[in-house]
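Using the hints provided, position chain W relative to the given structure of chain R.
2 protein chains.
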Amino acid sequence: MKYETYKKLAGATLGKVKADLVFKNCKIVDVFTGEVVESCVAVKDGTILGVSKSYEGKKEIDLGGAYIAPGFIDAHLHLESTMVAPAELVATAAACGTTTFVVDPHEAANVSGADGINYILDQTENSDANVFVMMPSCVPATDIDDNGCMIAANDMYPFIGNPRILGLGEVMDDDAVINGNPRMFAKFALFEHQTIDGHAPFLPNKMLSAYKLAGVDTDHEASSFEYALEEARRGIHVHVREGSAAHNVDDIVRGLVRTGIDTDYFSFCTDDKHIEDILREGHIVYNVRRAVELGLDPFKAIKMATINTAKCYGLKQLGAIAPGYQADFVIFDNMKDFNVLDVYFKGKKIDKEANVKVKKCPSALKHTVNISKVKASDFALPIDNSTTHVIGMEPKQIVTSDLTEHFSKTENFVPHDGYLKIAAVERHHNSGKIGVAVTKGYGIQGGAIASSVSHDSHNIIVIGDNDEDIAIAVNEIARVQGGYTVVQNGKVYETLPLPVMGLMTDVHFEEVNEKLKVMKEKAYEMGVSKDFDPFITLSFMALTVIPELRVTPRGLYRVSDKGSGFIK
Amino acid sequence: MKYETYKKLAGATLGKVKADLVFKNCKIVDVFTGEVVESCVAVKDGTILGVSKSYEGKKEIDLGGAYIAPGFIDAHLHLESTMVAPAELVATAAACGTTTFVVDPHEAANVSGADGINYILDQTENSDANVFVMMPSCVPATDIDDNGCMIAANDMYPFIGNPRILGLGEVMDDDAVINGNPRMFAKFALFEHQTIDGHAPFLPNKMLSAYKLAGVDTDHEASSFEYALEEARRGIHVHVREGSAAHNVDDIVRGLVRTGIDTDYFSFCTDDKHIEDILREGHIVYNVRRAVELGLDPFKAIKMATINTAKCYGLKQLGAIAPGYQADFVIFDNMKDFNVLDVYFKGKKIDKEANVKVKKCPSALKHTVNISKVKASDFALPIDNSTTHVIGMEPKQIVTSDLTEHFSKTENFVPHDGYLKIAAVERHHNSGKIGVAVTKGYGIQGGAIASSVSHDSHNIIVIGDNDEDIAIAVNEIARVQGGYTVVQNGKVYETLPLPVMGLMTDVHFEEVNEKLKVMKEKAYEMGVSKDFDPFITLSFMALTVIPELRVTPRGLYRVSDKGSGFIK
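So the sequence lines, in the order shown, correspond to chains R and W. Going from the first sequence to the numbering used here is simple: count from 1 and add 279. Going from the second sequence to the numbering used here is simple: count from 1 and add 279.
Derived by calculation from the structure, the hints in this document are not laboratory data. Owing to the predicted nature of the structure, the values given are computational and were not obtained by experimental measurement. Treat the hints loosely; a few may be bogus.
Identical copies go unnamed one by one, so any copy, or any two together, can satisfy a pair.
Listed next, the in silico BS3-like pairs over lysine-lysine satisfying Cα-Cα at most 30 Å (straight line) [as the list claims (entries may be wrong)]:
hint : residue 1 : residue 2
1    : 281       : 590
2    : 638       : 286
3    : 281       : 841
4    : 295       : 841
5    : 712       : 799
6    : 841       : 286
7    : 590       : 625
8    : 770       : 295
Same shape as in the complex, but just chain R (with noise of 0.2 Å):
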């Protein structure tokens, strides 16, 4: 601790003169030993002193017997995908436990380079919660995907140092790490010292420890437990996750709880949740509650939480409660529902029902869709007579199958009998790259669906059973500057703004719900199949490194084949 630091706090933690505030009356989660203490715990300008019974606060909360905790840390999350304000995401979370937010901007940087980076850090400087960032690592997500920037290692230098900065984000591109590519490992270098994230969900034995040897300490992709644990016997801290799409606990804990080994390695994320889901069930301390139903001892559910995770960031100063720990508390009823009562982050309550106040975004973020306007003729699809191949989307999964069709040959395909026609247009650089493709599975008819929001890159993606609306949709993201659209018979239907990269809000986001909302019941009313979120599930047809087919700004891709994956 700083010398000035201790001497404003030594006085009220030798109990010499009153801390600023005590909580009397508390049981004390001690992530440390595993008890609970009853004792009191004293603050002072956001730091705890100590825990003794004899402290004296110039404010006092009697806890009545209620439990405290540390303030809940997701490992691992991405902000932009949410599409609401960063800010009021956080504040929302925070209200519901979570102080602590390890945030990986990659989605932003895709767009928008180091200024998007730098968006996430300015927005969410002022919560009320401590966020920190991990250096996005793969973007862009592979040498063959058009993108907004590029970020080599040399572009990370000014965030190195960046007390915020806590590492490199999660390594998608496992066969760079595997295979040893110099320009992957000259990012390792920069964050040889700090934590370097993992995404390895498939990765067998002997790859899964290349992947650890060369350097990676984390991964969130583990479904279930046989893959956890192999991961856990490499020392890969697993972080448990549970956000609005994927849900890992259920199988991870259970395997917790059967085989009863060490959890030290385990944490928990949400990785992406909602709002809404937010709102109905909590954030970290739903991970926490289910991991507790699930038969989990309480104590390492909460270390799972907390002090688990501080340790893999090397956040010395967060996690427990102890003298020179942050003063981020959960105040809960009992070890078993987890129903939180109150949360205070450096020592003040968090105000559940204050407004937040969304910083002003940078022009220039906001005008990050880059095309011409496109016409009907730009998504014409040739079929000559060999076999052609049809990305089929599968009921509630996001990896697509590689479906072979015999069509007629004709000079633009004209989708039929379930089979759509999808694109993605670059919409960076403007550089007129449009991939066309059939896809079979997501059921529209009489009309379009658009979204800027299509992973990694972020292209626009475009799906309908018409030409001319798919180049309405196109035309009227462009004109937006992103965000979803519904085209129907030839007209915009209803638009939702995401103007911020073209990922997110900056308005507060019940305006974004009430239109989503609608949006979605049109696009079902369209024939979309139930089995699809319309806007999500279409954001991930151009993800590249997600099995099976994807269309690109360059057209059809096989992910199995890597590289030289492109089908003509």
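Leaving out everything else, chain W in the frame of chain R:
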């Protein structure tokens, strides 16, 4: 991992080429999950590649079902106090399974400053073990000490960034911490991102909180479970000590077993363990074995000897068997007796019979006793009519009591009836300072014993029943430039030279031990109480941080009076 290193290791990790070495048929102690995994361990270039039954090696070692655990770590020890050459002690302990040492060279620093620290670094550099150093924080121990060198924060700069320096060594001056001494905090600031070792045997509740708040991370002085628990609750990492003098494992581990609290913040250390004890019962493996004997879960015990400590000191590549970790192993027969079969350092088997090459000591470090010849009259101690304070030496302890006696007025006190003379002679700067006092309990008759090992300033300490023999003993220490000597009836009986800073030998330990045995026998024959080690107990009689009376070159000192404690 560096690109070049990964490239060298990747092929074997992926199983494309053979590893250098594969341990087959082993029970791997997995410190991440707390399991025993039956598999094989592959190694190349001193690094663990991975664990898999299908690995093949250029060399394969069948362990026949034996256990393989990460090499043990001693969380805190001093090499100087064992008197043998550092490399020899390290080699002896390594052969017992301790492959990593976190060393505090504060004795060497008190005599020779940075040169003393560099000596320890240099002597252990090519050991078959990882030897790390903590920067001594209290040199001198207090402001009233006359030691050889002072190490202020400025003097520590040259060591910052050295990968073998892990942080700040045991902060004995708890007053300086708790009262916010800016010079102490300047040292803390230098190591704020590393580990700061504590030394806090006696701090009550709020003072212990303040000590932790200031930034202290560890302590190895806890001798009771209750105190250790108070420390762990504050996030102070407790090093459970079992050495030649201090035996804390029993009490602390009994408490751990009784309460079942988490042991994440507990490690093992020896602090000071003599080579003959190491040879008899082992080193850190003894702590492990004894803890398991007392009922501690063997995985917890092994973690306290491996990964817990590695994490405490930020040693990312040590303490586990997983890809990228250093190939340091201890192999034993079962998880109860822990009979060590073999030890590997960086994938190479440690040869227990190998001769240790002791590097030559720089000449300056062998000439550190700098005094003019003394004579009997230098030890005259006038007694007036008032009370005389006498250092009461307590059986089997290093604390002393403050006895008050009434002696007849005299120009020079004459030892009688068990009352002896004890003196401290400043030996670093030839200042001529000699402090003389009366002591009781030691028991020598007809001679004197002197030593240049005298914590922490390492002046010459001498005790005897007549001034002539006292002077002879001091002059003998100066003649050999440091060591132990026994003088009887005007003649030197025997001297053990410890020429390296007056603390250590540079010959092999057998020679030391042989001579020491003879000298101890003589001391007991001359009347020294069997309740004391004649030399070790004596070496603490000038230590101004342990209660109650001490003799220093500036005179008799009462520890509880702090800086103002000199007694006229």
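Item to check | 30 Å Cα threshold - placement of residue 841 relative to residue 281 | outcome: Intra 51 Å, inter 25 Å, cutoff 30 Å: inter-copy only.
Item to check | Homomeric proximity label, residue 770 with residue 295: Cα distance no greater than 30 Å | outcome: neither (73 Å within a copy, 59 Å between copies)
Next on the checklist: My question is about residue 295 and residue 841: at a cut-off of 30 Å on alpha-carbon distance, are they close within one copy, between copies, both, or neither?
Outcome noted: For residue 295 and residue 841, only the inter-copy Cα distance (21 Å) is at most 30 Å; the intra-copy one is 67 Å.
Next on the checklist: Within a copy, between copies, both or neither: which one fits residue 712 and residue 799 at a CA-CA cutoff of 30 Å?
Outcome noted: This pair counts as within: shortest intra-copy Cα distance 29 Å, inter-copy 90 Å.
Next on the checklist: With identical chains, the pair residue 590 and residue 625 could be close in the same copy or across copies; at 30 Å between alpha carbons, which is it: within, between, both, or neither?
Outcome noted: Both: 19 Å inside a chain and 27 Å across chains, each within 30 Å.
Item to check | Alpha-carbon proximity between residue 841 and residue 286, which holds within one copy, between copies, both or neither at 30 Å | outcome: Between copies only: 21 Å across, 59 Å inside.
Next on the checklist: As a check of your reading, is residue 638 near residue 286 (CA-CA no more than 30 Å) within one copy, between copies, both or neither?
Outcome noted: For residue 638 and residue 286, neither the intra-copy (35 Å) nor the inter-copy (46 Å) Cα distance is at most 30 Å.
Checklist entry - With identical chains treated as interchangeable, where does the CA-CA distance between residue 281 and residue 590 reach 30 Å or less: within a copy, between copies, both, or neither? => result So residue 281 and residue 590 pass the 30 Å test inside a copy (21 Å) and across (23 Å) alike.
Hints 2, 8 from the earlier list are contradicted by this structure; the remaining hints agree with it.
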